[in-house]
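These are the residues of each chain, in order.
Number of protein chains: 2
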Amino acid sequence: MTRADFFNYFDRLNLDGMDKRTFLKTSLMAGLVPPFSFKDFPAVGNQTILFQGDSITDAGRDKAQYYANNASGLGTGYAHMAASSLLERYPDRHLRIYNRGISGHKVFQLAGRWEDDALQLKPDVLSILIGVNDFWHMLNGNYDGTVATYENDLRNLLKRTKDALPGVQLIMGEPFVIKGGSAVGSGRWMTEFPAFQSACRKVATEFKASFIPYQSIFDNVLSKGGAAYWCPDGVHPSLAGARLMANAWISIYEKLG
Amino acid sequence: MTRADFFNYFDRLNLDGMDKRTFLKTSLMAGLVPPFSFKDFPAVGNQTILFQGDSITDAGRDKAQYYANNASGLGTGYAHMAASSLLERYPDRHLRIYNRGISGHKVFQLAGRWEDDALQLKPDVLSILIGVNDFWHMLNGNYDGTVATYENDLRNLLKRTKDALPGVQLIMGEPFVIKGGSAVGSGRWMTEFPAFQSACRKVATEFKASFIPYQSIFDNVLSKGGAAYWCPDGVHPSLAGARLMANAWISIYEKLG
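Chains U and W supply the protein sequences, listed in that same order.
Numbering-wise (the numbering used here), the first sequence opens with residue 1056 and increments by one.
Numbering-wise (the numbering used here), the second sequence opens with residue 1056 and increments by one.
Hints listed in this document are in silico derivations from the structure and should not be mistaken for laboratory results.
Any given hint might turn out to be false.
Claimed, not checked - Which bits of chain U does chain W cover? Going by a derived footprint, with three or more residues having C-beta under 8 Å, they are: (1) 1127 to 1133; (2) 1136 to 1143; (3) 1298 to 1307.
As the list claims (entries may be wrong) - The list that follows gives simulated cross-link-like pairs (lysine-lysine, BS3-like), each with its CA atoms no further than 27 Å apart: (4) U:1177 with U:1310; (5) W:1214 with W:1310; (6) U:1177 with U:1257; (7) U:1177 with W:1279; (8) W:1217 with U:1118; (9) U:1217 with U:1177; (10) W:1279 with U:1279; (11) U:1263 with U:1310; (12) U:1263 with U:1177; (13) W:1279 with W:1217; (14) W:1217 with W:1310; (15) U:1279 with W:1217; (16) W:1214 with W:1177; (17) U:1310 with W:1279; (18) W:1310 with W:1263.
Backbone N, C-alpha and C fix where the C-beta goes; we use that ideal spot for every residue, glycine too.
Let's have the full structure, built from the sequences with the hints guiding it.
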């Protein structure tokens, strides 16, 4: 039987919540599942991809639609765009793609929901974009974290992730700020935020995460259209900016081993 | 002054609802607008693109967000995907992209809202995908139209459009049905729907519209994943199917004169 046949067969079984791995093992022993060879499964097969982050990732997703590959559940931002392009390009991979970004979140808030919104999903590829609120909420007096808090929180989050999921492939997006955006008038964005970006890059390197340098990716296109076109408030990308991010994300994904 | 400078200047003016063309003409005569040359404007500049259709185009768009280039206003389907890709690719074109698809609509319902939802927007490029409900609602007994009704309604709609907007470039999407989809079990989809597709192609040809053969585009990929992957109910595309459509749409758009 082909791999597709197998998955069709497997997906149509009513397992009533039984763990699929347990079911598969038991059933194979009992001869209930037609024989197949594991060599039918390429390394990338049946891959789970998870997007985690703040509002840039959330992008208005319908949180009631928390299933994989759900159009409104993926929001209307770069995660949705990257997901749809990957699903179109790789029908053989049986991709399961989730978005669990939540607007306003900082690293410690990801940590608070990490069991439900990351570890339980057992992602093969975990993409994280976080940090703009760790700075912004400090700047506006609603948070007393510092760049050291951000770095330590992020390091602890990635350590916890790697401990639980040793094989996970990490993609870290660089948090970014677009000069000229309507919400980033304070000069402190330009003088202090780069330290958060450096901290992100440092932690990404420590955990051998693939790093997406969103700051330079945006900076490189600003000569055409400016912040108003790509990221009007300096934090939340426009459709054009989100697609720019999705293209960069896909390039990094396609370089994963 | 460059074209971008001009548009920045122009966009920041508070015209208080004054027609921009009238304003421009008057102001130029009065010397209020810095001089610029029309040769600075490529033919594709400041282009308005409108997506019209039924639920496939609607794709859950937030109808309160009716402004151009709005992420949730464009829905989560092929229109959103095509729009974001075009906006990312062509920052110089000053694209204004709208989605006015409404779920469940047939041609006569587009006609009923055509003034507000098409003509007033003065699209340079008008994309229409309509027809599946003209058949489906007949099939389930909720509509007494026929293939002739569909063809005549579509012809009248395009004639009215060309009369009002002689320079508009039309893109007609072929309505499609994916065999094996959960909602298209009736054999009549396979025997009778092709006549609707032929009617669409015929009218598109009469009006020199660019035609997107979605049926064969889907048929060509079904060997990998089947209807369940690309278009589970046979009518509404998955994320993968919507991106497939968006890619085809972009190819046709890029061939426009």
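Results for each hint:
Given as covered by chain W, the segment 1127 to 1133 of chain U passes the check, having 4 residues with a CB less than 8 Å from a CB of that chain where 3 are the minimum. Coverage of a stretch by a chain is defined here by at least three residues with a beta carbon nearer than 8 Å to that chain's beta carbons; for the segment 1136 to 1143 of chain U and chain W the count is 6, and the condition holds. With a threshold of 8 Å between beta carbons, the proposed coverage of the segment 1298 to 1307 of chain U by chain W holds, since 4 of its residues qualify and at least three are required. Our distance criterion of 27 Å between C-alpha atoms is met by residue 1177 of chain U and residue 1310 of chain U, whose separation comes to about 21 Å.
About 23 Å separates the Cα atoms of residue 1214 of chain W and residue 1310 of chain W, which keeps this hinted pair within 27 Å; it holds. Restraint check: the Cα-Cα separation between residue 1177 of chain U and residue 1257 of chain U comes to about 25 Å, which is no more than 27 Å; the hinted pair holds. Distance restraint check for residue 1177 of chain U and residue 1279 of chain W: the Cα-Cα separation of roughly 25 Å lies within the 27 Å cut-off, and the hinted pair is therefore satisfied. Of the pairs offered as hints, the one joining residue 1217 of chain W and residue 1118 of chain U is violated, with about 43 Å between alpha carbons and a cut-off of 27 Å exceeded.
Only pairs whose Cα atoms come within 27 Å are accepted, and residue 1217 of chain U paired with residue 1177 of chain U is accepted, the gap being roughly 11 Å. Restraint check: the Cα-Cα separation between residue 1279 of chain W and residue 1279 of chain U comes to about 40 Å, which exceeds 27 Å; the hinted pair is violated. Between residue 1263 of chain U and residue 1310 of chain U the CA atoms are separated by roughly 14 Å; this keeps the pair inside 27 Å, and the hint holds. With a C-alpha separation of about 19 Å, the suggested pairing of residue 1263 of chain U with residue 1177 of chain U holds against the 27 Å cut-off.
For a cut-off of 27 Å, the pair hint linking residue 1279 of chain W to residue 1217 of chain W is broken: about 40 Å separates their Cα positions. Between residue 1217 of chain W and residue 1310 of chain W the CA atoms are separated by roughly 20 Å; this keeps the pair inside 27 Å, and the hint holds. Among the hinted pairs, residue 1279 of chain U with residue 1217 of chain W is inconsistent with the structure: their alpha-carbon atoms are about 34 Å apart, more than 27 Å. With a C-alpha separation of about 15 Å, the suggested pair residue 1214 of chain W and residue 1177 of chain W falls inside the 27 Å cut-off, and the hint holds.
For the suggested pair residue 1310 of chain U and residue 1279 of chain W, the alpha carbons sit about 23 Å apart, so the restraint of at most 27 Å is met. About 14 Å separates the Cα atoms of residue 1310 of chain W and residue 1263 of chain W, which keeps this hinted pair within 27 Å; it holds.
In this structure, the hints that do not hold are numbers 8, 10, 13, 15, in rising order.
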